[in-house]
Amino acid sequence: MNKYKFFIDPLKEEQWINQMQKKSYRLTDISLDFIYKFEKTAEDYVTQVDYQEYMNKSRYEEYISIHEEFGWEHIRGGRFGSMTQVWSKIPDGNDELFSDRESKINYYKRYMEMTSTFAILFLVYSMLFLPDGPGMIFLTPGLWEMQGMEFWRAFLFELPFALMRTLPAILFPIVTVMFFVAYYRMNKAKKELELEN
Amino acid sequence: MRPKLLPLSETMHLIMLALKKPLHGYAIMQHVSEMSGGQVNIAAGTLYGALDNLKKNQYIELISDPAERKKVYQVTTLGEEILELENIRLKKFISLYESEDGSNE
Numbered sequence: 574m575n576k577y578k579f580f581i582d583p584l585k586e587e588q589w590i591n592q593m594q595k596k597s598y599r600l601t602d603i604s605l606d607f608i609y610k611f612e613k614t615a616e617d618y619v620t621q622v623d624y625q626e627y628m629n630k631s632r633y634e635e636y637i638s639i640h641e642e643f644g645w646e647h648i649r650g651g652r653f654g655s656m657t658q659v660w661s662k663i664p665d666g667n668d669e670l671f672s673d674r675e676s677k678i679n680y681y682k683r684y685m686e687m688t689s690t691f692a693i694l695f696l697v698y699s700m701l702f703l704p705d706g707p708g709m710i711f712l713t714p715g716l717w718e719m720q721g722m723e724f725w726r727a728f729l730f731e732l733p734f735a736l737m738r739t740l741p742a743i744l745f746p747i748v749t750v751m752f753f754v755a756y757y758r759m760n761k762a763k764k765e766l767e768l769e770n
Numbered sequence: 007m008r009p010k011l012l013p014l015s016e017t018m019h020l021i022m023l024a025l026k027k028p029l030h031g032y033a034i035m036q037h038v039s040e041m042s043g044g045q046v047n048i049a050a051g052t053l054y055g056a057l058d059n060l061k062k063n064q065y066i067e068l069i070s071d072p073a074e075r076k077k078v079y080q081v082t083t084l085g086e087e088i089l090e091l092e093n094i095r096l097k098k099f100i101s102l103y104e105s106e107d108g109s110n111e
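Just so you know, the protein sequences line up as chains A and B, in that order.
Using the working numbering, you'd call the opening residue of the first sequence number 574 and step up by one each time.
Using the working numbering, you'd call the opening residue of the second sequence number 7 and step up by one each time.
Straight line, CA to CA, 27 Å or less: simulated DSSO-like cross-link-like pairs of lysine-lysine:
| id | chain 1 | residue 1 | chain 2 | residue 2 |
| --- | --- | --- | --- | --- |
| 1 | A | 630 | B | 27 |
| 2 | B | 62 | A | 682 |
| 3 | B | 62 | A | 630 |
| 4 | B | 26 | B | 76 |
| 5 | A | 595 | A | 576 |
| 6 | B | 97 | B | 27 |
| 7 | A | 662 | B | 76 |
| 8 | B | 61 | A | 630 |
| 9 | B | 61 | A | 763 |
| 10 | B | 10 | A | 763 |
| 11 | B | 61 | B | 27 |
| 12 | B | 26 | B | 97 |
| 13 | B | 62 | A | 763 |
| 14 | B | 76 | A | 630 |
| 15 | A | 682 | A | 764 |
| 16 | A | 682 | A | 585 |
| 17 | A | 630 | B | 10 |
| 18 | B | 10 | A | 682 |
| 19 | B | 61 | A | 682 |
| 20 | B | 10 | A | 764 |
| 21 | B | 62 | B | 27 |
Rough simulated footprint, nothing fancy, chain A against chain B, three-plus residues with beta-carbon under 8 Å:
| id | stretch |
| --- | --- |
| 22 | 8-17 |
| 23 | 24-34 |
| 24 | 40-51 |
| 25 | 55-67 |
| 26 | 71-77 |
It is worth saying that the hints were derived from the structure and are not from the lab.
Cβ coordinates follow ideal geometry from the N, Cα and C atoms, glycine included.
Work out the full structure, taking the sequences as your base and the hints as a guide.
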C-alpha cells in the first residue's frame, strides 16, 4: 500500500509512521521523499528518524553496521546529508536511537542545522520568485485594456500559465515558514531536554 | 589544558573501559550494561556518536578489516593514557570523600 505524504518536520514524520505501524502495517520504503510504502504485518514495528551530515564511505559503513547490530533496519537514507535516516526494528526494549541526554541534544542540533539550512534556501527561492506585480503574471500584451469576450478569452487562456508562474511565489514562502516552524519545535524540544535534570 | 572530552561522560567512560579489549558494537553495549549493573543501556545512535567522537580524538581505533561487516574497536595508547588520567582524577575524588567521612570520627 502506498501513502503519499510530504513532511517538512522529521519529528512529525516519525510520529506519523509510528501511527501507521500501530494499525498493523510496516514501512518498507520511502521513494522520492513522498511515497511511503507499507505492507501488512502481524509484527509490531517501531521507527526512529535520525539525521546525519555528510559521512565518508567508511564512516557511513560504521553508522549502518552499528545500527544493524542493534536490530535496526535501514529503511531510507544516504551518506550525503541530503535526507533523513529512517530506522525500523521489532521492539526489544532498546527501541530508541539515543540513550543519554547529551546525544539526544546533539541529535536535535543536527536536525536544527538541517532545517535552518533549508529554511534559508527556501527564503532565497521565495525572493527570487517574487513577482513585481500583475504585469509579471499575465504576459498577454494589452490584456488589461481588452473588453468583454475578448478579455475573458485571453484571460482564461493565460490563467493556467499565470497560476504556474505564481505557484512558486506562493509555495516557497509557505515552505519557508514550515521550515522555521519545524526549527522552532526542535529548539523547544532541545531546551526542554536541557532544563530537565 | 585538559585533553579533549575530559572529564569523560558516563557513557564515554564506560565505552572506553569496555574497549580495553577489542569489541564490536553490540558487544560494547552488553559489556557496558554488565559493568553498570544494568543501569546504562546504550542505544545504537548514542553508541555511534560516542565511538565517532572517541575515534576523532584518537582515543580508540577501528581495528577490523574494512570489508568486515561487524566493526571492531579498541582503545589506543593515547586512550590508555586518558584512562590513566581519569583514574588519577577519580582516585583523588574518592580520597576527598573518604577524608571528609574520616574527619567526623
